[in-house]
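K.L.:
Here's the letter readout for the chains.
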Amino acid sequence: MSSTSLAVINTKAPFATSHGKDALDLALIFGSYEQQISLFFIGDGVFQLLQRCDGITLNVKDFTKTFAALSFYDIENVYVSQESLTKRSLNKSSLIDGVEVLSDDVIQQYLSQHTAALTF
Amino acid sequence: MSVYTLVVTTPPHQNNTATVIEFAESILTAGHQINGIFFYQDGVLNASTLTSIPNDEFQAPAAFVKLHNDHQVALHLCITAGEKRGLTDQDGVININPAFTVSGLGEMVELTSTADKVIQL
Chain W
1 MSSTSLAVIN
11 TKAPFATSHG
21 KDALDLALIF
31 GSYEQQISLF
41 FIGDGVFQLL
51 QRCDGITLNV
61 KDFTKTFAAL
71 SFYDIENVYV
81 SQESLTKRSL
91 NKSSLIDGVE
101 VLSDDVIQQY
111 LSQHTAALTF
Chain G
1 MSVYTLVVTT
11 PPHQNNTATV
21 IEFAESILTA
31 GHQINGIFFY
41 QDGVLNASTL
51 TSIPNDEFQA
61 PAAFVKLHND
71 HQVALHLCIT
81 AGEKRGLTDQ
91 DGVININPAF
101 TVSGLGEMVE
111 LTSTADKVIQ
121 L
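One line per chain: the protein sequences are W and G, in this order. All residue numbers for the first sequence refer to my numbering, where the first residue is 1 and numbers rise by one. All residue numbers for the second sequence refer to my numbering, where the first residue is 1 and numbers rise by one.
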C-alpha cells in the first residue's frame, strides 16, 4: 500500500455542525493506519482549538478533548492560520498546546506539499 | 491514466452531488479509473432507498446506481455516518441500496492510498 499525505482542512466552528468531529474521526483513522496526515485550522475552524472549549454546555459531545490524543496517533502536524486568529481577536495563548501558528502564505505552501486535501 | 478516489459529503438534493456524477462520467470517458466513491457525512444519504425526489429533479441516487452498474464503480458507505442518519442493514429493516457497500473509514484509507488523486465534492 503506497502512502498518501493527507491534509484535513477544518473551517467550521466546533459545535454548531458535526464537521469538526467528522474531520477528527477521519484523521484518527488515517493516523491509526500510519498514514501521513496534517490538520489545518482556518477561518472559524480556529475556534475548535480554544483551551476552554466545552461542548457539554451545549449538550454536544465534546470531541475537542480528543485533540490531546493526537500525538498517540502520530499526528504531529497541527497548523493554525495567524490571519484567521487575528480576525477573531485570538492569539496562540488561547489555544491548546501542540499547535503551530502559520501565516496564510506558509499554509498555502504546506498544503501544496500534500497529495490530497479534504475540507470540513 | 490516473486512478481517482471520489469523496462525496453532500446529500442527493444538493447540486454538488450532481457534479460528482458528471465528473465521474467525464474521468471514465477520458480513460481514467475510479477505484471507488466514498460516501461520508450527509453524502451517505445517497444510499437510502427511502429518499423520493420529484420526477422533474435530478435523481442522484439512481445516477450512482447506474454508474455502479455501467462501470463497476464501487460505492462505499461509511456505516457510522449512515446509522446516525437512519440508514441500516440490520435484520428486517434494510434501507441501504444494494449497489452500495457497507464500509468504514478504514476503506477510505485503502482507497486514498491506492489513488493518484483524491477529489472531494
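Note that these hints are calculated values from the structure, not bench results. No residue lacks a Cβ here, since even glycine has one placed at the ideal position from N, Cα and C. Take the hints with a grain of salt, since some may be wrong.
No farther apart than 20 Å at their CA atoms in a straight line, the calculated lysine to aspartate or glutamate pairs in the DMTMM-like style are these [to be verified]: (1) W:65 / W:105; (2) W:12 / W:83; (3) W:92 / W:34; (4) W:21 / W:76; (5) W:21 / G:42; (6) W:65 / W:83; (7) W:65 / W:104; (8) G:84 / W:83; (9) W:87 / W:25; (10) W:61 / G:42; (11) W:61 / W:105; (12) W:87 / W:100; (13) W:61 / G:107; (14) W:87 / W:76; (15) W:21 / G:25; (16) W:21 / G:91; (17) W:87 / W:44; (18) W:61 / W:44; (19) G:84 / G:42; (20) W:12 / G:107; (21) W:87 / W:62; (22) W:12 / W:74; (23) W:12 / W:54; (24) G:84 / W:100.
Derived contacts from chain W toward chain G, CB cut-off under 10 Å, selection only [what the hints assert, rightly or not]: (25) 72; (26) 100; (27) 102.
K.L.:
Does each hint hold? Answer for all of them.
P.N.:
Tested hints:
1. W:65 / W:105: 29 Å, violated
2. W:12 / W:83: 15 Å, holds
3. W:92 / W:34: 28 Å, violated
4. W:21 / W:76: 18 Å, holds
5. W:21 / G:42: Distance ~14 Å between residue 21 of chain W and residue 42 of chain G Cα, so the pair holds.
6. W:65 / W:83: Since the Cα atoms of residue 65 of chain W and residue 83 of chain W sit roughly 24 Å apart, the hinted pair is violated (cutoff 20 Å).
7. W:65 / W:104: Between residue 65 of chain W and residue 104 of chain W the Cα gap is close to 26 Å, so the pair fails against 20 Å, i.e. violated.
8. G:84 / W:83: Violated, at roughly 35 Å.
9. W:87 / W:25: Violated - the C-alpha atoms of residue 25 of chain W and residue 87 of chain W are around 28 Å apart, more than 20 Å.
10. W:61 / G:42: 19 Å, holds
11. W:61 / W:105: 34 Å, violated
12. W:87 / W:100: 17 Å, holds
13. W:61 / G:107: 25 Å, violated
14. W:87 / W:76: 26 Å, violated
15. W:21 / G:25: Violated, because 31 Å separates the two Cα atoms, which is more than 20 Å.
16. W:21 / G:91: 29 Å, violated
17. W:87 / W:44: 10 Å, holds
18. W:61 / W:44: 19 Å, holds
19. G:84 / G:42: Holds, because 10 Å separates the two Cα atoms, which is no more than 20 Å.
20. W:12 / G:107: Outside the cut-off at roughly 25 Å; violated.
21. W:87 / W:62: 25 Å, violated
22. W:12 / W:74: 24 Å, violated
23. W:12 / W:54: Holds, because 16 Å separates the two Cα atoms, which is no more than 20 Å.
24. G:84 / W:100: 33 Å, violated
25. 72: At 17 Å from the nearest chain G Cβ, residue 72 of chain W fails the 10 Å test, so the hint is violated.
26. 100: 24 Å, violated
27. 102: Status violated, d = 22 Å.
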